[in-house]
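Engineer: With chain A's structure known, arrange chain B on it following the hints.
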Amino acid sequence: VNLQEQGQGQALVETAIVVPSMIALMLGFLAVLVRVEAQIELESATSLAAAAAVSAPAGDFSLSSRYAQDTWKGTLHYYGYLEPGTLQGCAGYGQAGEQVTCSGTATLRYRETPMGLVVPFDLAISASATARSSEYRSR
Amino acid sequence: MVIGVFLLLLFGAVSASLYTVERGAAVTAVAAGARVGAGAAPGNPNTPNIEGAAAEVVRVVRPSLFGTRVNQQTGACRAPRQVPPGEVDVCARLSPGGMVEVELRGRPVNPVPAAFGLDWVLDVGAQIQPVTFKP
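In order, the protein sequences belong to chains A and B. Sequence positions in the first sequence follow our numbering and run 1 to 139. Sequence positions in the second sequence follow our numbering and run 1001 to 1135.
The shape of chain A in the complex, shown without the other chains (with noise of 0.2 Å):
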């Protein structure tokens, strides 16, 4: 084996380490931006959920509930590797002034986009809000 061939072997193999790694530390990088773009998307949803349970008259439970659950339904959608979860807490006030306080979680399905070859499994996300309800709201 002469000296040029020897050189060419060495590259082979580096090139055979280095590439593999380079896409492992992207995927890596794109699955952080991922999941703090979720948990972007979660915070939001789930805080406008909890103004809409407030925006319901006080003591009609079933109503703050209904509409908390339809704007966090309109506003966190199924795309790729986001699938909601579920909205929990939103039962409604009894009095003006008092807090609702809405919690709702998401699943980021990494294994079903090519950043499951670094995060192989399934993360679960969550995030709550609370809000206040005013006396001179809802009628």
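Some hints here could point you the wrong way.
Claimed, not checked - A partial selection of chain A residues facing chain B, derived with a Cβ cut-off under 10 Å:
hint, residue
1, L25
2, F29
3, E37
4, I40
5, A53
6, V54
7, Y67
8, A68
9, Y136
Hints listed in this document are in silico derivations from the structure and should not be mistaken for laboratory results. Note that beta-carbon positions come from the ideal geometry of N, C-alpha and C, so glycine has one too.
Structural biologist: Relative to chain A, chain B alone:
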């Protein structure tokens, strides 16, 4: 070859980072717009502020869309792929069910050529029940 792969991944990472910032801003903006829309219109406390909602989305999202033209639509938004590259539509309306719907759709400016297969599309929306007030 390694240099080519490196550059491809670098472009991809830059583009994906930019898109994440833009999408995050869009989600925040439509949520802010929905809150404004759910509030009272000027002079009529029990009417949703639809015009104010779209204007709020534009105000919040414009600084984060880096050269993208933001169109404030009066009716329904176009499908994302029908919006020309470098533009996004913002629209707000009252749904048949009485909810305020705010949407942002389009194709923001992307520094990476579409030939790389990274023609990102923004399609985010929010819905909320309008607030009403005691008589």
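Engineer: Taking the hints in turn, state whether each one holds.
Structural biologist: Do the hints match the structure? See the list:
no. : hint : verdict
1   : L25  : holds, 8 Å
2   : F29  : holds, 6 Å
3   : E37  : holds, 5 Å
4   : I40  : holds, 5 Å
5   : A53  : holds, 9 Å
6   : V54  : holds, 9 Å
7   : Y67  : holds, 4 Å
8   : A68  : holds, 8 Å
9   : Y136 : holds, 6 Å
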